[in-house]
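Protein chains in written order, with this note's numbering: chain A, 51 to 475; chain D, 51 to 475.
Watch out, some of these pointers could steer you wrong.
When chains are identical, the list treats them as one kind, so a pair holds in a single copy or across two.
[What the hints assert, rightly or not] List of simulated lysine-lysine pairs, DSBU-like, C-alpha gap at most 30 Å:
id: 1; residue 1: LYS453; residue 2: LYS219
id: 2; residue 1: LYS53; residue 2: LYS464
id: 3; residue 1: LYS418; residue 2: LYS219
id: 4; residue 1: LYS453; residue 2: LYS467
id: 5; residue 1: LYS219; residue 2: LYS412
id: 6; residue 1: LYS192; residue 2: LYS467
id: 7; residue 1: LYS192; residue 2: LYS53
id: 8; residue 1: LYS260; residue 2: LYS464
id: 9; residue 1: LYS219; residue 2: LYS460
id: 10; residue 1: LYS393; residue 2: LYS53
id: 11; residue 1: LYS260; residue 2: LYS53
id: 12; residue 1: LYS453; residue 2: LYS418
id: 13; residue 1: LYS75; residue 2: LYS192
id: 14; residue 1: LYS412; residue 2: LYS260
id: 15; residue 1: LYS53; residue 2: LYS75
id: 16; residue 1: LYS467; residue 2: LYS260
id: 17; residue 1: LYS219; residue 2: LYS53
id: 18; residue 1: LYS53; residue 2: LYS371
id: 19; residue 1: LYS219; residue 2: LYS464
id: 20; residue 1: LYS53; residue 2: LYS467
Treat the hints as calculated values from the structure; they're not laboratory data.
Protein chains: 2
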Amino acid sequence: MSKSSISYSGVGRMAGRPVITDIMKVALENPEILSLAAGFTDTHSLPVSFVRDETVALCSSGGAPEYLQYGTTIGRPGLRRLVARRLSRADGHQNRSCHPDNVMITNGSQQALYLAMQVLCDPGDIILVENPSYFVFLELLKGLGIEPLGIPVDSDGRIDPDGFAVLLKRLRGENRLSRVKGVYLDSWYSNPSTRCLDNGVKEAIADVLKSVDLRVPILEDGAYRELYFRTPHSSSSIFALQAFDEFPRLFFGTFDKPFASGLKIGFVICDHAGLFRKMLNVKGHHDFGSSNYTQAIIQNALENGSFDRQLATVRSRYKEKMEILHGTMLEEGMRGHGWTWSKPDGGMYLWVRGPGNMDLGKDSLFFKSAVEEGVIYIPGDLCFASEGPTHYMRLSFGVLERKDLIRAGKRLVKVVKQFSGPLPV
Amino acid sequence: MSKSSISYSGVGRMAGRPVITDIMKVALENPEILSLAAGFTDTHSLPVSFVRDETVALCSSGGAPEYLQYGTTIGRPGLRRLVARRLSRADGHQNRSCHPDNVMITNGSQQALYLAMQVLCDPGDIILVENPSYFVFLELLKGLGIEPLGIPVDSDGRIDPDGFAVLLKRLRGENRLSRVKGVYLDSWYSNPSTRCLDNGVKEAIADVLKSVDLRVPILEDGAYRELYFRTPHSSSSIFALQAFDEFPRLFFGTFDKPFASGLKIGFVICDHAGLFRKMLNVKGHHDFGSSNYTQAIIQNALENGSFDRQLATVRSRYKEKMEILHGTMLEEGMRGHGWTWSKPDGGMYLWVRGPGNMDLGKDSLFFKSAVEEGVIYIPGDLCFASEGPTHYMRLSFGVLERKDLIRAGKRLVKVVKQFSGPLPV
């Protein structure tokens, strides 16, 4: 029985395979491979007993089990109150737009990003992103026909406000400035650059946008904000920076990485009522509300302190794992072969730069050799808005246990050494 | 601080408020109102102890708690196997396309419908629907700029294949046939008509579509298939009907209504590999996978029989509730005033037809009087693809408990009597 061919929509035609499919396929086909690729979370510290105890408490609380009933599209009021309060506290109570009515609970922060993009952008529109940026978001954009455009950086990879102003003026000259519909910032322990944006650079971004009258929505991703190793970063969210008062603001967060990624619950806070409402209405079409039950578990965990206890455990585990991988790469002499990276203060990645014009892409000889040696990574070129440099790699230390992290680090440096010229005298 | 105005996308501009917002608002503002409107599920039979026991078992099973880790976009393999097997069994093992690889787990069946529509339709495209149809799906279509077009029915409200053929030929004459991208059928205890489509009428639909060479995807919604009161309906799904072999087929299902709506897990089975893949890729952009944890609970419940035990409880509760509401309306003499409805064999609704040209719409005098009397319903005109008849109402008996169901029924008939002329001699 042959099926008729289907004439797909615009979105259907753009629905390409995820870029990392090939990379993940390699890992699945070769079980001995140690993966420093996927951004999975530390499995052994997942909050099994918290979740079990929360559930038992919830299910034994008596009364009508409303948490097993449909919830509302916007999400549980109690959870939204806690989210608003948490953001407010993180900003030292300097932000005035954190109200439960501005909060929507979503299927991970990913859904919130998707809703924002659906409501703001038509195919051919532009979203300004950092260079590099979160590759899953870049794929989301491409899936909707939206063009990510990188904000210029200096030779250290830091945002260059002057270069940014030049870019925007160029767009204006090309009559393309009106296609810019938003700016996406991954402000803390960014995936993949591992850097934090301080208030100064955020304010500089606001100034440049104002200078060309481009007061478009600012989408700030706080996915890793709470995953600092030792102390929180001193920066505020855009909600607490007066420089952004004239911009519609959105802050995205998740309970996945800090607590349990199997729950798939996140949120967005948005201080533009019209934009919030439209995103809410589209979410209504998507699913008319995220799982009420999962929200209830997280809400209880936040209320009774389990969430913060788990977070403290997660932080120390990621710090430890980072030290292990970082330390192994150092000890094996990777830096001596011209490879550089910063030791991060939080997050789940190392962002490593290879020497010169090295090609680390997924079709490169280096990548193939790494696979043969039994280790994989995310090629950095996938993290750039357009044709990006090929000499970066993203290493994720979140999943592997100590022994395997060391092994993986050693295998990686072995490949590095294969590709090195003679050491400098 | 005034915010800049935002220039929204096409989807953003179409993102209107849900039609039932006003109705729900009325209920929220008047707590004494008894709602026969929203399709919520029976709260007191929600599977609290099942969920608690499943969770304790899961969390005590030892080993790495993979169920609290990120899952895959397509969903847990074990759950997909169970879904495939369940559909196959429901079709008496007559269908050959039920394979776990054809199954995707989604955030309720709603997300699966949304993905299908995103991938198949551009704004201005047409989806053929029953008349009446599931109003939440009609809203989803409008949110994407897709036009729902009702398949003609006879005076009993049954699908009229000849009228359908005439409609399709007319579309062809208007050069609009190529805009038809799919057909949506709510085949069992339909929301709101409460009818089941038997194999004969489904095959007739296939014949008419083939007669104009319109072998477009058929989207069959099985949301209520397992919510029969006494015995399963004898019809097969389209997967088991040879008449549909040349059509891409999709079957949508959910664990929400049969088990617990707070979990928000559903699925789609699709036998067209290309379409499935595109839907999967877009889901990757939406959320890269539904909650792994919630899936694990449902998977366990299916495996160990808790799900079927809960389903048996739910069936008997809904049957009982239906009898109570139906019985009350009968005893109060509603039929004697020219109101008619069929007693359903399953599902969660009564589909009631008022006399003559009665207007039961949300702005009608009847609706206002019902609100004053303390009862609300879903106006039937919301359930039609285009300008629909205004003399229908949908009554949901799922939520209210016995006493309140009787009260609600009595209040409704009181309003009916206010609007009646003298009884026939």
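May I ask which of the numbered hints given earlier this structure violates, with the numbers listed in increasing order?
1, 2, 3, 5, 6, 8, 9, 10, 14, 16, 18, 19 and 20
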